[in-house]
Structure formats: structure tokens, C-alpha cells
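J.: For the record, the sequence lines run as chains E and F. To convert, note that position 46 of the first sequence is 46 in our numbering; the numbers rise steadily by one, no gaps. To convert, note that position 232 of the second sequence is 340 in our numbering; the numbers rise steadily by one, no gaps.
None of these hints come from the bench; they were simulated from the model. Among these hints, one or two may not hold up.
Stated by the list, open to error - Simulated pairs of lysine to aspartate or glutamate, EDC-like, Cα-Cα distance not exceeding 16 Å:
#1 698(F) with 84(E)
#2 293(F) with 70(E)
#3 30(E) with 409(F)
#4 291(F) with 46(E)
#5 291(F) with 102(E)
#6 37(E) with 523(F)
#7 30(E) with 422(F)
#8 58(E) with 102(E)
To be verified - Partial list, computed: chain F residues near chain E (C-beta under 7 Å):
#9 352
#10 356
#11 358
#12 363
#13 377
#14 381
#15 383
#16 399
#17 529
#18 530
#19 618
Heads up, the beta-carbon is just placed ideally off N, CA and C, and yes, glycines get one too.
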Amino acid sequence: MKHTGKLLTLLILLVFAATVAMAASGGNQKKGKYLYKKNCKVCHVEGAEGGKLTPLSKTQVQWDRFFNKDKHKVKADVWKQFSEQDLKDMQQFLFDHAADSDQPETCG
Amino acid sequence: MRRLFIMLAAILIAIPTGGFAADDLQLQIQELQKQIDEMATRVDSAEKKTATDRINWYGDFRNKADTLHYQDVTFNPGIQVNMTDFFMKVGGGALGSFAAFNPATPAAGLDPAINPTALDNMFNNLYLSNPNLYANLNAAMGGFDPTNPATFPGVMPFPLGTKSTYDINNDILYTTRLRLGMKAKVADNVNFSGRLLMYKNWGDSTGSKVFDSWNSYTMDGTDGGNTTGDWVRVERAYFDWNEIGGSNFYLSIGRRPSAYGPPSQLREDELRGGTPTGHLVHFNFDGITAGYKLSELTGIEGQTVRFCYGQGYESELGNGELFNEISTKDTHLGGINFDVVNTGTHFVQMTAFRAMDVNDGFKGVIAFPSQYAEIFAPTMNKDLQKFPNFNFVTRVQPSTVIGDINLAAIGYVLETEGGFNAFVSGAMTQAEPNGKAGMFGGLLSDAVFEAKLSQDGTEVIMAPVRATSDETQEGYSVYAGVKFPAPSGSVGLEYNYGSKYWIPFTQAQDDMINSKLATRGHAGEAYYIVNINPNMFLKLGGIYYDYEYTGSGSPVGTPLKVKDVQAGTAYSMLPVVDTAWDAYASITVKF
């Protein structure tokens, strides 16, 4: 029993030691969803100027690359209307719902 | 002089540099061309790989340790017997006559000089196994007057063994669950989804369990949530045909995503794992869903209505249909699932469906408990005593349709950005028995047995003839919980209560003791999830069950007060658990 207790303590310590911060961070995905719908969907729907674009259009790494490097260079002005936090929020939303993110296991 | 020297040096440096620059540029272009060619080759192979990878795979892998403890388990076997019929038959000679056994002097036993009749053997065995019961029966028979209904005993419980009560401790049980998810794109608006599953106890791949509870049945609808062995099963496989004809309709056919639905995804620490509410359904159904994304019309986010149809039991093919003796029917299910709103923060869901032509069990495989041979099969029991640790594996199928069940639930889940989650769900079930019964009973009612002679006339056997009741029975349940952030992860607290006649389809919930949501009584759970990294978590927790009524999760048999079984005034052919707890630790990796 004594040894079991020590072993358990060690296991818990190991688990906490191994714990690292979550990957995507800093953004509020619920706010990001709102901002995405309000701003991006204006152009990015079927038949509109920007063409259809959903979170599933890119992988998580591709969304990160878009936000960190591309920064909407085809229309750079668009980018400037957002604050840094707005962009983080949208990045979080798109990252969390990207093509390679976990998806609900439902039909339809 | 100095100025001249500097100019000369500059010219000397510039001339070769200028010469090298053109060559270098050429070299760089060549190098870049090489790189482009190499990249093109690599992209080609990546493109080829992507084009030929028809299925995208993902999955999760869970190893879990449980310690299971059952308190005051009572085994008090008995059946409901039509004693009026029995006395009539004994008195009228329908069961033969006494020859080697004199009921008035049971202690004398069988006369060795005379071949015993079926009735001799039955009464002699009864006296030997339970002299008190024999005395009571004999006294009742003495006062029985076939012409006077006032002396008719009617249907009475008939004990089939001696009551025993005990605790059970399974100190450690290890399990491994591997789930392999599949996605494939068939066309722009058609997708295939599937999930393969291996779920096993460590050191066990027999695929059959000794039948000591309804949890131990290896069968179609619940294999996904019960350990079966080291083979991979298809837990779900279906296609979605979306935006049919440009509309908001979709059609989905196949083995359904009908387990781990809301709000049970919170305790699984995953996204919504199934379509119908998890409060009512954790069962692997095969069927069809026709859905309509109402949100496009109403503007209410996530609003979707789904009409679901499924088959829970195939009554003919494979059941010996060519012998033409089948009296069961296919079990069909039909209903509606309505996601009223699903914003990611607020989720409201309503589910209602009807299970039609429910049978007295399912097709499945069990290992036959030797305890039943002792009670019901004296001839077989003689041989089985030579093989005390052998349980023959047998296929079981139901014998009769016992009624219909209506089920409905409404639930709300709150998931905040800060990680605070809460849910509450209310559900009810309504069983409509038809008064028929198989050997395990009728719909939420027991079987009434009547005595008859075996085909060769050498043994009195008991056969189920009807159910004890055909009254509609309603049950209800509440399920509530919270999950909130804690250091390195989250903590969850859940509680559910089920009433006497509560009968949901949650038997594929993978709790080791029993589906906690099927509990007729109280169940509470606490857990702590530690996120090791985004794709790996540790879960520590425990579930406590306090059963008030017997038969949780079984549509067959009258729910009896656990206290009555413990007191010996009620009988059950399966051991009855009073309270139980399961403490567990699991580590899950997702990939």
C-alpha cells in the first residue's frame, strides 16, 4: 500500500510534468466565429467575389500560414480593418474547425 | 599614391566579381530548375498518394483500468407459476401419476423397486432441494378444491433455489479500446463515414460471456460498448447525400452514429459523438435518416430536423426460417430528432421515437451459466458436473413479440468559451406490453409458467404461457451535470436518476458495471480530465450506482424492489445488485 501510494504520487507528478499548453491559443473561437460570419461571408460564399470558403477549406497548418504570412494579400486592405485580437479570434475559430480538426460524429 | 592603390584594388575586385556574377546567376537558375524538377517529382508522388488514398483515417486509442465493487448482490432465483393450473393438472392426471413416490411420506424418497414417473421425480427433487417449500406446497395442495374458486391459489412465485447474498470485488480490470474512423469523399455532396472498433479486456478474446446479466450478451446493438475481444468490428458505416437536388435535404443510410450523442460527449471529452440524445440512445442501429437543415430557412443556427428509421432485430433470415416455426417479428424503429438550436454555446435537442414489435430479447451469443443447468436442466446438469469450469457457448434468439416502446427526451447543453459546461436532460419511456412472454418474461412484466410433460413424458417442465401484466408502464429519468476548467484540464460531475419502469436504449454505453444511464435508481459520477497535450488526456473518475429496482437496461421482466429480493419476498433469475462503484483511470491518445 505504501509503495502504491508513492507510485501513484510519482505518476501524478509525471503527468503534470508532461503537461504542456494547448496548441492553438490566444483567440476566442466563439468571437472569431461571429467575426468570420459577419465579415468574411460577405465575399466568401458560392457565386460571390471571393468564392466559397469555409473553415473546412484549409487544414490547421494552412490557416496558420494564411494568418501569419499571407495576410489576405490578394486584398490587403481588408486585413487592416481588423484589430490584432479580432484576427486572433478568427484564426482560432478557423483553426479549431479546419479540415483536419475533430468533427462532430453525426450524420448530415 | 594611396588613392591609386585603392582604385586598383577596387578594379581588381570588381572585374572578377562581375565575371562571376553572370556565371553565378546561371548556376543559381540551374540549381533552382533542379529544385523545381525535384519538387515537381515530389508533388507528383504526393498528388498520386492523395488521389489513391480513398479513405482518410483517424482514430483514438484508450487504455483503461477499472476497479469494480458490488455490494449486497442477491441471487434468489424463482419464477411465477400458475399454481391453480398446476394443482388442476396434478389432480386431474395431466402430468401423470405418482408411483415410486408418496407425497404424504416424502422422507421415504423413491421406491427403488418402481420406475419413477415424471411426477415422482419432480416432487422428490423438490423435497430434497427445499423441504419447507415442499411442505407449503403439499399443504396448499391439500386445501385445494377444483370446484371451489376460493381455494385457487392463482399465480404465485415459485422459488428455484436458496437465496444467497454476497459482495463482489474485481480489484482490477484492464481494457483497451481502439477506434479507427474513416472518411471518404464520394462526390461533392456525398460522403462516406465509418468507424471500426476493437474493444477488449486484457487477457480475454473469447467473444462470449457467461450470462449473468443483460450486459453479458454478445449482440449486434451493444457490441460497440461491450468488450468482445481482439477482433475489429464495424461500429458505424454510413453515407451522407447532402443538398439533394440543391435543396437542404440530406439522406443518410447505414449503420448509424447512434451512440455517444449529447450530452454524453462531455464525459468522453470529445465533440458530439452521435445524432440522437445520449440520454435515450446508445445503441448501434442500422437504418436511414432523412434530414432537413431548417437553419437555412429559419435562420436559427444549427437547426436541423431528422426523421429516423431503423431495424433493431431481423426475425427471419438466419433464425431457421425454412422450418416455418418463427413467431417473432422484425423490430422497427421510427422517430424524429430535432436540433432546435445549436450555436456552439447553446444546444437544445428533442428526440422522440417508437420501437415497434419489441421481442423478448435479441439474437446473441452467451456462455450458458451452469447455475441454470442446476435449476432447469437436471439431465444436462448430471454431465455438466463433470466439467465444472465449462460453459457451452450457445446462440440465443427471442421467442415472441412482447409489445412496443415509446421514448422521448429533451435536453439542453451549455458550452462556454471559458470552458464551463452544463447540461440537463429529461426523458420518459412508455412500455406497451401485449401480455405475451418468452422464458425471460414479457415487456416490463414477468412470464407466467405452466407445468407440462416433456415430449417423452419423463419430466415435468415449466413453459411460459403469458405475461403477468399487459398494462402500459411509464418510466422517467433526469440527467444533469457540469464540467468546468481545473488545473491542466477539467472536472466533471454528473448525476442521473431512473424510475421503476425506465427503459432507454443505452445498453451500448461502455460503462463497465452497466450503462449508468439505464439505472433504475441513482447514479453519480465525478471525473478529472488532465490534458497531457492536445491529442492525449488522462481521465480519473468514479461512478456510484444505487439501484432501487431490478433489471436496469432490460425491457424484459418486472422491475422488482431490490430490497424485496434481498428480503427473499421477490425472485429474479439473474443476480440483483444493490449498490456498486467503479473507480477508473484511463489514458487516451487521439490521432
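J.: Hint by hint, say whether it matches the structure.
T.: Right, here's what the structure says about each hint:
1. 698(F) with 84(E): 32 Å, violated
2. 293(F) with 70(E): Measuring from Cα to Cα gives roughly 28 Å; hence the hint is violated.
3. 30(E) with 409(F): Holds. Residue 30(E) to residue 409(F) sits at ~13 Å (cutoff 16 Å).
4. 291(F) with 46(E): At roughly 24 Å apart (the allowed maximum being 16 Å), residue 46(E) and residue 291(F) break the hint.
5. 291(F) with 102(E): With Cα atoms ~12 Å apart, residue 291(F) and residue 102(E) stay inside 16 Å; holds.
6. 37(E) with 523(F): 20 Å, violated
7. 30(E) with 422(F): 45 Å, violated
8. 58(E) with 102(E): The given pair, whose Cα atoms are some 14 Å apart, holds under the 16 Å limit.
9. 352: Hint violated; residue 352(F) Cβ to chain E Cβ min 11 Å, cut 7 Å.
10. 356: This hint is violated: residue 356(F) lies away from chain E, its Cβ roughly 10 Å from the closest one there, beyond 7 Å.
11. 358: 5 Å, holds
12. 363: Residue 363(F) check fails; min Cβ-Cβ to chain E is 11 Å, beyond 7 Å.
13. 377: The hint is violated - residue 377(F) has no Cβ within 7 Å of chain E, the shortest such distance being about 11 Å.
14. 381: 5 Å, holds
15. 383: 5 Å, holds
16. 399: OK, holds: residue 399(F) within 7 Å of chain E, min 4 Å.
17. 529: For residue 529(F), the interface hint is violated, since the closest Cβ of chain E sits about 13 Å away, which is over 7 Å.
18. 530: 16 Å, violated
19. 618: Violated: closest Cβ of chain E sits about 15 Å from residue 618(F), beyond 7 Å.
Hint check: violations occur at hints 1, 2, 4, 6, 7, 9, 10, 12, 13, 17, 18 and 19; the rest are consistent with the structure.
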